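> What follows is the residue order along each chain.
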Amino acid sequence: MTSSDWLDVAGWSESFSNWSMDNVHDVLPSGDIDMQVTIPSTWAWPEPITMGPIFNMQSGFASIQPALESFMHATIMCTVVFGMMMTTMLAIPYIERKFIGRLMDRLGATTTLRSLWVGESGVTAGEWWNQLPFGMGAPIGWVVNALNSTWGNSHELETVARVNNRSYHGYWFLLPGFFQAFADFMKFATKEHIVPKNADKVVFEVAPVIILATTIMVFAFVPFGPHIYAANPELSLLFMMAIFGIAPLGVFFAGWASNNKYTLIGGMRSAAQLTAYEIPLLITVLGVAVLSGSFNIIEIVDFQMGQDEGNVWNIFLMPLGALLFLVTMIAEVERIPFDMPEAEAELVEGWWTEYGGIRWGLMFAAEYMRSYAACILFALFFLGGWEAPFQHTLSNLPAVGGIFSTVFSVIPGLIWVLLKAWLLFAVFVWIRASLHRVRTDQILEFGWRYLLPLSMLNLVIATILRLQFWTGGPWDLWVPAAVTLVSGGLFVILAIDEDEEALEIQRRPYSTQAVVKASPGSHRK
Amino acid sequence: MSYRANTGHPHATPNFRNLVIRPMWMTLKTALRTIPFVGRLTILKNDYHGKPATMVDAATKERVGSDHPSVGQSFAPDRETSQVMPFVERPVTVMYPYERLEDLEPWLFVPGNYNGRIGIIWETCTACKLCIHACPNDCLHMTTEVRVNVLELSEEGDEWHGYGSELEEGGYAAREKEEYDAIAAGFDLINAHADAPQQYDFAEVIEISGDKATVRWSDGSGIETVDSTSLKPAEQDIVSGQIDLGRCMFCGLCAEACPFESFFMTNEYDGMSGFSREELWMDASRTRVLPTVHQERVDMELAKRAEKEQKKRDRKAARAEA
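These protein sequence lines map, in sequence, to chains A and B. Counting from 6, one number per residue, gives the positions in the first sequence under the working numbering. Counting from 1403, one number per residue, gives the positions in the second sequence under the working numbering.
No wet-lab data here; the hints were simulated from the structure. Computed from a prediction, not measured in an experiment: that's the story for all the values here. Honestly, I wouldn't trust all of these hints.
Derived, one-sided and incomplete: chain A residues facing chain B with beta-carbon distance under 10 Å [claimed, not checked]: (1) Arg-107; (2) Ala-438; (3) Ile-501.
Cβ atoms here follow ideal geometry from the backbone N, Cα and C, with glycine treated the same way.
The whole structure should be built from the sequences, with the hints applied where relevant.
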C-alpha cells in the first residue's frame, strides 16, 4: 500500500491527459472516410482496380491513444517536476547567502539598492520624477513617498548604519536578496563566451552539457511527494545513483579540455575523490535499500511512513548510515570541506577556471542542483520523506489527535519534503562555514580507510536489522531507541576523547618536525 | 615533560572535538545570535562578548602616563543592530589585537605546520647563507665578516690557550699583515673618514698537508701554499641578519634549506605588521627564537657538531700516530 495525499499531481495529469485525448478522439469525425480510388477497367485489366483504405479516424486514433496519453502525461510531469525543482531551488542559494551573510555581517545588494528608491530620512533619491513633463512622474512620486513613509528610515542613526552598511535593518519577511539568483543569471547570460585558444574545443563545449544534463536527469527519479515525480521505475534508486555518478566524468572532461594546469589538477582531484567516495556512498545507499527492502525511492519512503510496514524514520534505525550518507554526499557534490577539485584558494576555482558566461552559470546552477538533490535524497532516505515529524504519534494522541490528523491531511507531503531538504541544505552551509578544506591525501585516506569500512559495517547493521529485528509489521520501538542511544553514546565518547598521540605531536608550539629536504632521489627512500 | 601548547591550554590539540564539533557549535551560535529573539538566549552568548575591553595595556599606560586621554577608554562593539529592531543581534568580531581568539576560545590553536613568522635560533646559525640563496624573493639579508677569534690569538702559556679552533680544510685562515704596525701607527682614527685598516689578510683553506696549507686569498691574489704555522684560524661571524618581511611570501624554502636546524617557520601570526615598510625589516632580535623553545633541535645540532669534532680529533690522533 502506498502513501497518498490530496496533491495528486500525477493523477491529475493522467486524468487530464486521458480527458483531453478522449476529447480529441470525440472531435474526430466518426464516420468512415472513403479514401478508395477506383481505376475503371480498360483493355489491359478487365476488372476495375480499387486502391486505398476506407479510413475511420476515430478507430485509427484509438490505436495510438494510449501512447499519446502516456506521452502527454510524461511531458506534463516532467514540466511540473522541472518547474518545481527550479522554483524551489531559488531557496538554496538564498539559504547559503543568508547564512554566510549573517555570520559575516554582510547584508547583500538588495538592501543597499533599496535605499536608493526608499530614500533616507524622508529625503528620497533626488525626486527625479518631478523632472518628467506634464506631471507624468507624479504617481511614481506617490509610490516612493508612500514606501518611504512606511518602510523608510526616520531616524538619523539608522541612516548612518545603512550608509555604512553595517547592520541588518530590513524586514526579514521581504526576503532581501531572494531574487539575486535572477540577477546573477542575467549577468551570466549577457557575458561573452570565451574558449581558450589551446582548448580542446569540442570537449570544452560538451562538458557543461554532460554535467547539466545528467544533473537534471537525476531529478527525473527524485519524487517531491507521493504523486510528484517524473518517472517511477521499479529500480529508481539504481537509475538515480547511476546518473548521479556521471557528472564527475563531465568535470574531468572540463578539466582536461580547458588545457590549463589548474583545471587539470582540479579534474584529477575530482576523479580521485570520485573513486574514494562513490563506493562508500553506494554501499551506504545499498544499506538503505536492504533495510527498506526496495530499490524504489517511493517504496523506501513508504517503508518509513509505516503503511503496515515500518513506522520509524531510517535515521533512527541507522544513524551511522545517515552520517555516512551526509559526508559522502558532501564529497560527491564537491562542497566544503571536500571541495578539493575547485579549491579557490589554491586552484583558482579548479576545473571551471576557464569557463565563463552562461556555461559557467549553468555549471554553477548544476552544482547547486546536485546539492539540492543530495538534500532531498537525505530527506527521502532517512527523514521519512513526505511524512510530518511524529505524524503517527501526534495523530494517535487521545484528545487532540483528530486535530493533528486533520492538519496533516491538509498539508501536502511536498511541503515536508521541501522543508526537510532546505533544513538539510542549511546543515550543508553550516558545515561549510565551520570546517576547513581538507588536503587531497587526507580526503583519500578518510575515504578509503574510514568511510569504506564504516559503510560496510552499516550494510551489516542494516542486514541484521532487516533479517533479525524486523517482523514485517511496525518496528518494536525498543529497536530504534536502542540503536539511536548506542550510536549517540558512541558519538559522544568519540567526541570527548582526547587524542594522546596528537598531544604528543603537538608538544611544541612551533613546527619542529624534521623537514624532509627536497633533493634528487630523496623521494625513493 | 608537561605539555604546553601555544595558548598554554592543555586542550588545544588537533582532535575531532577541536577540529569539527567545537567549530560547528561556534558557527551555529554566531548564526543563531543574529536571529530575532532567539539571539537573546543565554546559551548562545559568549562570555567575552559585550564586555568592554580596555584598549591600553599596562606597558603603554605606564609610558603615556595616567593623564593620557586614552587611559580609561574602553571599547565595546555595538551589538545592537538598529533602533528599529533592537532585538536583532549582530555577530561580534574579536577585537584583535586587544583580544586574541586563542585567549578567548582556549581550545583553538594554530596548526604547528602553519608557516608564520620566521624564527631563527641564532645560537646555532653558522652563517652558511643557504637560506639566503634559497629565498626566491630576496627578502633575507645577512652581512657577515671573517674575523679572527680573540681566543685564537692566545699564545702558549696563556690562560685561554687551546680554547680556539684549529685550521681546517674548507674553513678560513688569517695571516697578519707585515706592514700593519706602520699602517696602524699612521691611521688617524678620529679624522679619517674611512674604514679602519685590516690587521689580517684572510683566505679560504683549500688543503692542509703536513705543515703546508694551500689557501685562496680573499683579496684575489690567488692560490698559494704557505706554512700553516704562519696562519691563524678565522671564522665567519654574523654582523647583521635581517628579513624584509614585506617581501616574504612565507614559502618556507629557507627553513627547508637550513642544514643546521636553526631556521624555522613558527606558527606565530602576530607581530608582523607595521605602519611603514621600514618597520617590516625585522632584524635579528625580532627573529630570535630562544634555544629553550627548541631545546630538542638545539640538542640535536650540538650532538651533531660534537660528533663531528670527535671525528676530527680521532683523525688527528690517528695522523699523529702514523
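> Verify the interface restraint on A:Ile-501: the C-beta must sit less than 10 Å from at least one C-beta of chain B.
Holds - the Cβ of A:Ile-501 comes within 10 Å of chain B, reaching about 7 Å at its closest.
> So, as I understand it, the hint says A:Arg-107 touches chain B; can you test that by seeing if any CB pair is closer than 10 Å?
Result: holds, 4 Å to nearest chain B Cβ.
> With a cut-off of 10 Å on the beta carbons, see whether A:Ala-438 makes it to chain B.
holds (5 Å)
Of the numbered hints listed earlier, not one is contradicted by the structure.
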